[in-house]
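Novice: Please model the complete structure; the sequences and the hints are all you need to start from.
Protein chains: 2
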Amino acid sequence: MPNRKDLIVGVDLGGTSMRAMVVDTSYQILGEDKRRTQAKDRPRKLIEEIADLIEEAVDKAEVKWSAIRAVSIGAPGSVDPVQGVVRHAPNLGWHDVRLGSKLKEILGVPVLVENDVNVGVVGEHALGAAQGAHDVVGIFVGTGIGGGIMFHDELYDGTRGAAGELGHMVLQVDGPKCGCGRRGCAEALASRTAMERDVRAAIKKGRKSIVLDIMKERDQDRMTSRIIQLALRRRDPVMRQMMERAQYYLGILVANVVNLLDPECIVIGGGIADRMHEDFVKPIREVAWRHYLQQRDAQRIKILAGQLGDNAGGLGAVVLARHRLGS
Amino acid sequence: MPNRKDLIVGVDLGGTSMRAMVVDTSYQILGEDKRRTQAKDRPRKLIEEIADLIEEAVDKAEVKWSAIRAVSIGAPGSVDPVQGVVRHAPNLGWHDVRLGSKLKEILGVPVLVENDVNVGVVGEHALGAAQGAHDVVGIFVGTGIGGGIMFHDELYDGTRGAAGELGHMVLQVDGPKCGCGRRGCAEALASRTAMERDVRAAIKKGRKSIVLDIMKERDQDRMTSRIIQLALRRRDPVMRQMMERAQYYLGILVANVVNLLDPECIVIGGGIADRMHEDFVKPIREVAWRHYLQQRDAQRIKILAGQLGDNAGGLGAVVLARHRLGS
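Just so you know, the sequences run in chain order E and A.
The numbers in the working numbering rise by one with no breaks, and the one at position 252 of the first sequence is 252.
The numbers in the working numbering rise by one with no breaks, and the one at position 144 of the second sequence is 144.
Don't read these hints as lab results, they were simulated from the structure.
Everything numeric in this text was worked out from a predicted model, so none of it was measured.
Fair warning: there could be bad hints in the mix.
Covered stretches of chain E (in silico footprint by chain A; criterion: 3 or more residues with CB under 8 Å from a CB of chain A, positions within the stretch not fixed) [what the hints assert, rightly or not]:
| id | stretch |
| --- | --- |
| 1 | 164–174 |
| 2 | 261–268 |
| 3 | 291–301 |
Beta carbons are placed, not taken as given, at the ideal position from N, Cα and C, and that holds for glycine.
Specialist: As structure tokens, then:
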């Protein structure tokens with residue numbers, strides 16, 4: 001049992017669920033805990049809940065608190081990593097919440113805070129699909145579309161800590177309305193939310209689809225990645241069309257990023273990629289290639305599905321903590 | 001008269017004209033020469049012409065050849081700066097031309113080669129609008145739209161040397177055809193070429209405009225930046241509409257770059273910006289701001305017209321040469 005102060009707890013704080021994992025120096029997960037995020041709670045209450053989640057994970061890992069060096073959290077929204085403040089997290093209803101210092105008060109160990117997608121990219125860079133690449137862009141497709149950038153093996157936060165918001169790159173001026181209030185953002189064209197909107201609209205227009213039946217069977221009111229996978233397996237034509245459309249837009253998004261940044265590696269993560277892997281990424285890659293301005297050496301830019309799945313965020317948070325605390 | 005080997009000749013090699021300037025260590029231009037680019041000539045012939053241009057500039061500067069430390073060229077297209085090779089320059093009809101080594105053979109001094117837009121950004125960063133900023137994106141609007149990126153005060157070339165091609169960022173899937181063969185690129189929506197196409201189409205449809213008259217007066221068969229400026233001064237309604245449309249698309253382009261990279265400074269250069277300055281940039285900035293995902297501290301990201309005008313490329317090439325040769 002590890003006794004030295006060399007374990008770090010990585011926390012993936014999402015809008016719907018949250019997860020803590022106790023990770024050792026060789027990135028083995030010694031114990032973890034997961035629960036639903038009560039996003040309606042006040043920040044104070046939710047922070048107590050996060051502390052409880054972390055303590056539970058430490059209990060399950062069967063290690064002593066004295067072995068915990070730090071806690072590192074990926075939070076959904078814009079973050080000030082230096083102050084440990086969550087600036088704006090719409091999914092949690094948070095504005096300027098001092099997550100770092102408040103958790104530190106409760107737990108008594110250093111607490112680091114970073115954007116959830118950023119830590120996901122750090123995870124895939126250090127331990128997953130993008131190992132060995134120095135310049136990496138991560139694209140996480142879920143309810144929304146988030147991104148993170150690493151240059152020369154370092155996370156790139158931008159001037160205001162707002163870099164990587166490629167879900168709000170406009171691909172279609174005057175396109176469909178986005179959750180952000182603007183039009184034609186990648187997120188409004190290719191996220192799971194956009195696909196669900198298009199599937200429901202097609203069904204309303206009278207097209208035959210089993211997507212709603214599968215949702216009913218599984219008692220889901222939203223079109224999760226699992227539902228998408230099942231509908232595609234049963235060859236639902238509406239689901240297939242909307243998936244192809246989303247993949248087309250994602251291919252354009254990837255090409256826009258490549259034409260601008262020419263990175264070594266683009267990692268596509270999130271729920272759909274985690275389930276479908278190459279079935280999701282291959283059509284995206286093919287559209288992207290056709291839209292590279294410079295065709296020379298097109299294949300040198302790797303476009304890959306994430307490898308860490310659900311663990312990308314938690315493990316990435318731990319990697320980042322080791323890097324920032326020095327190890 | 002400088003005798004030590006500390007002068008550098010900066011060359012701005014464009015598709016229509018080319019210019020060489022002899023520059024001292026305090027970035028004073030001691031002499032220069034300019035002529036039309038005979039792009040139809042074979043590479044060998046054009047390279048001899050470039051050598052002649054450089055020798056003429058040195059003569060005009062009234063300095064000895066022994067004072068010339070190096071020649072540094074910004075070339076229009078994709079470039080391998082390490083090998084000094086122009087990989088692909090559509091405007092010149094060049095493919096894999098060993099510009100660096102061939103010019104060195106003729107002139108007997110080291111010759112550096114970089115992309116023309118990249119050297120323009122380096123110039124604005126070191127001596128122009130972006131002084132003091134560390135993370136800078138340059139957008140040059142002319143016949144096409146080019147871009148260059150500096151991270152942490154260094155030019156960022158990308159994995160294949162293809163970074164910065166933001167003229168081919170798709171803003172309007174299925175939009176107008178671009179010179180690159182694809183659709184809806186920024187260049188097909190907001191370059192001078194796109195504006196000219198839209199002005200001509202409006203006139204063909206019967207709208208009243210004096211743009212073609214001004215072109216005839218000035219014996220121009222293309223809608224140059226000067227023509228645009230004159231038409232706007234005379235309040236031509238078609239020109240005004242097409243300019244506003246282009247500025248709108250450029251605003252979206254800037255916002256896409258900001259949402260992805262959150263840089264400190266965006267410099268807008270090229271012929272139109274050089275003539276119109278804030279009249280060109282202000283509406284772009286206003287559209288961009290409305291499309292930032294993160295509104296907080298929006299004004300920290302400076303969006304500025306270039307300050308070096310025509311000299312950005314030549315001076316930037318000299319700055320880059322000093323940096324690469326060490327000084």
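Novice: Each hint needs a verdict: does it hold in this structure or not?
Specialist: Against the structure, the hints come out as follows:
1. 164–174: Contact hint for the stretch 164–174 of chain E vs chain A: holds, 9 residues under 8 Å.
2. 261–268: holds (count 4)
3. 291–301: Coverage by chain A holds here, the residue count being 8 at a Cβ distance below 8 Å.
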